[in-house]
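Visitor: Going down the list, the protein sequences come from chains A and B. Heads up: take any position in the first sequence, counting from 1, add 305, and you land on the working numbering. Heads up: take any position in the second sequence, counting from 1, add 305, and you land on the working numbering.
Bear in mind the hints are in silico, worked out from the structure with no lab data behind them. Any given hint might turn out to be false.
Pairs count within a copy or across copies, as identical chains cannot be separated in the list.
Okay, derived cross-link-like pairs now, DSS-like style, lysine-lysine, Cα gap no bigger than 30 Å in a straight line [claimed, not checked]:
1. Lys352 / Lys575
2. Lys410 / Lys602
3. Lys660 / Lys637
4. Lys417 / Lys575
5. Lys652 / Lys390
6. Lys602 / Lys417
7. Lys652 / Lys575
8. Lys575 / Lys660
9. Lys660 / Lys356
10. Lys455 / Lys637
11. Lys649 / Lys611
12. Lys478 / Lys410
13. Lys352 / Lys390
14. Lys390 / Lys575
Protein chains: 2
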Amino acid sequence: MPLGYNNPRLAEAARTPAMVRAITSRPALGSFPSQDYAALLESGILKAAPKGLEQVFTATTGSDANETAYKAACIWKGTQERGGKDFTDAEMSSVMDNQAPGAKKYSIVSFKKGFHGRLFGSLSTTRSKAIHKLDVPAFDWPAAPFPQLKYPLEEQEVENRIEEDRCLKETAKIIDTAEQPVAAIVIEPIQSEGGDNHATPYFFQRLRALTEEKGVLMIVDEVQTGVGATGKMWAHEHWNLTSPADMVTFSKKAQAAGFYFSRADLRPDKPYRQFNTWMGDPARAILFNAIYDEIEKGDLINNTAKIGSFLYSGVEALAAKYLELIRNLRGKDRGTFIAWDCSKRDKVIALAREKGVIIGGCGEAVIRLRPMLIFQKHHGRSAMLGKVVPNY
Amino acid sequence: MPLGYNNPRLAEAARTPAMVRAITSRPALGSFPSQDYAALLESGILKAAPKGLEQVFTATTGSDANETAYKAACIWKGTQERGGKDFTDAEMSSVMDNQAPGAKKYSIVSFKKGFHGRLFGSLSTTRSKAIHKLDVPAFDWPAAPFPQLKYPLEEQEVENRIEEDRCLKETAKIIDTAEQPVAAIVIEPIQSEGGDNHATPYFFQRLRALTEEKGVLMIVDEVQTGVGATGKMWAHEHWNLTSPADMVTFSKKAQAAGFYFSRADLRPDKPYRQFNTWMGDPARAILFNAIYDEIEKGDLINNTAKIGSFLYSGVEALAAKYLELIRNLRGKDRGTFIAWDCSKRDKVIALAREKGVIIGGCGEAVIRLRPMLIFQKHHGRSAMLGKVVPNY
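Here chain A stands alone, though its shape is the one from the complex (with noise of 0.2 Å):
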């Protein structure tokens, strides 16, 4: 919930001709969008875009903006081999079969405790938790190794250089020497679930060039961490890219879903390659709009960035009294996405909620912080005292 409980310009968006008539009559978006969809999204979706991504593929869930992310990818690189030749006869009869070479054997590459999602696609990519992939089928796609960085950033500057490079090297390799071609590789900002895991804009820029360098497409991940709530819209802007990423996701707090794209050939070459009934919610389109407009008049993604300021020096000056409770505090100019290994984590978060305040857990024992975009400093003291968050 980007902006809390009750706000009164999405209820009334809610309310408007334009949403009950999206709720009650809702199409088929890739056989028949209504008229104003296009529209719709240049007023609100689009505006939001990340620089250089000024197209956008709609979906309805975080797992099926990844999913349909990855299919683009592997569409394209399809495409690209065949160098603008038709289908095979081989590809159009063994691809009815699920075989090669018609259903290629292509690699969405992602990172170790990286998480992407719970449908077959998508939960093939996810590395956070067994729990969530057991019994499942998979399909055999490499996991590259996420940069385990030390603390406090300031004072292990070498020694976590070195550990991007290794990961970087790692990661070329695996790309290199894949079995099944590698499509895309995804990767979050900062790995959330998990255990809200960093890396610094040097390891992206340096992702961006590898990516770059061996023709894979780079899909960002910002189901979680875009939307403002880094003290950025999109986490991946701290990072200054020289070139944009192919691919950007969103989910959650945008509360539409989907992912925004640059390259017209990531557009496929054929109708219904890429395309099922819903194809995003039009709902959820107009509520985004509001969304979006409550962020620039409210300025809110300047106010995540300053209370995110506030609450890390609150955190960092507990964390000098209770060491075991507060290790490897990060998230340092990273808006309100502010983490620590804690270890007594889950009876930490029970006690929290008991005195009402409601914080997150991620990783094996990492508390998260996950406030929605009109966080106020009184909340901030408030939840700090362990007094009751007021409602919004």
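Using the hints provided, position chain B relative to the given structure of chain A.
Guide: For chain B alone, kept in the frame of chain A given last:
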């Protein structure tokens, strides 16, 4: 769209405070369901449940309704094979690399020409057209033959029975010899996207018996056929099964999505095995309640059965006149789920559209009718006379 445009009861539901709340404050249902979510399902989605399937897992689209059902089947099979024991260390570690024994080499068997969605798992069971599948990696899952019936059914009973027995025998063989043990088979009551292909109740009864005998689950995909269009709420109710299917999936006309199930052991044995952020959408559950009320109040399923007979007779009369344009007419006693082979399919659809009549295509050269549940005789007469169907 089950009830046409501008249905006043749906618009009323869309304007309720409950809907505004569902739109503006969408919860992560698995962790934070609203207090009234169970009651909401009980007064709608569960009231409409097929006999014998009194539980529901809510999802967001037809594809993820099927994939969560497939996951439930794989988790069920894995749990059964462990015989109540906990996961082994080998399972826990191998699954993180997408390898056995943790990631099971189970298969989901579907039928040739079947359509079950377009994400990686569901697309692996889709067998209707190559264009949906090309370049996308797929699981090495087998496809069974779906009966190819001859028409009119009354005159081809002997030959059709032989064909159905052949398909059953072949399916049994696939289950017995599959390299990757079969967790479930998935089947549409009428293969829709694949060409409106029917089988008889005999076939489905025997298929149910076969799955029980072999210890594999039977998933009935009612994404297209569900919610009244065949003259029953669920198309599989035409089969008079003595033992209900294990799972029935739904979306489209329900606007909400998910799968029904009965067996308690289809609930995963541990939390977070079958889980995601949205796990359905309360807004769509509210809408379904209004849809279901309208269906009940308007006796729309009986209406669809009657109007279906009327339409079928009309097309049958035309078929006698236009032998090449209307062949293999099917859908007798299946409500408005009527279709036929047509040598000039695309031309007929285009001409009809020019005259204001929207009809659909499926399969290679099939015309299918899919009117809304509110379709009346006068709409049918207008359509057959090539006049504009008045807006409802």
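Visitor: Out of the numbered hints, which ones does the structure contradict?
Guide: 2, 6, 9 and 13
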